Amino acid sequence: MFIPRRDTSSTLNALVGGRIFPGVHHRAEFTVQESSTSLAVALRSSDGVTHVDIQATVVSGMPAGSVFRSLDEASAFFKGGSLGYSPTRRPGTYDGLELRTTRWIVEPLAVRHVESSFFEDSQRFPPGAATFDCALLMRGIEHEWHGRDQIRESAQLSRALVGCVSRHGAR
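Going by the numbering used here, the residue at position 170 of the sequence shown is 1150; the numbering climbs one at a time, nothing skipped.
Warning: the hint list may mix true and false statements.
[Unchecked claim] Just the calculated beta-carbon pair ranges, DEER-fashion:
hint, residue 1, residue 2, range
1, GLU1124, LEU995, 16 to 22 Å
2, ILE1000, HIS1093, 19 to 25 Å
3, THR1037, GLN1103, 28 to 34 Å
4, GLY1045, THR991, 21 to 27 Å
If you are wondering where the hints come from, they were derived from the structure by calculation, not from laboratory data. Since we're looking at a predicted model, the values are computed, not measured. Ideal Cβ placement from N, Cα and C applies to all residues, glycine included.
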């Protein structure tokens, strides 16, 4: 999976990310309000480049019209994408970080509001080219991040992307 940008509230992660451990991380402020039935998360990057805002309610099933036929199908798709590559400080080189969990449990969300500076950028996506599908919530899961080998723009990157599409299907 391609991760265009990683943001963190940790000053340490922002300082050493991409140097001591994989992944350049940008400083951001996160605001989280969570209950057993609802979630609100806002992210504002310190450099003003990135913002995300989502407000949702935990529900029992996937939203009508989702590309996923079931929660199990959506869960399996995202579980298969637990390895993400993001840009390094060297153009054309990407750091790999893999999420490993002790268990994998997700809950579907009914989203009341969603904003993303990435997907709302008309230079990246012409109006209507990217539409919101669904949101899944994972919480209370023990996890670890593991660095993976860097990849460079080349046939190696093409093979990695083709492998992701063939394993998980194009959506």
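Hints, verified against the model:
no.: 1; hint: GLU1124 x LEU995: 16 to 22 Å; verdict: holds, 21 Å
no.: 2; hint: ILE1000 x HIS1093: 19 to 25 Å; verdict: violated, 37 Å
no.: 3; hint: THR1037 x GLN1103: 28 to 34 Å; verdict: holds, 33 Å
no.: 4; hint: GLY1045 x THR991: 21 to 27 Å; verdict: violated, 41 Å
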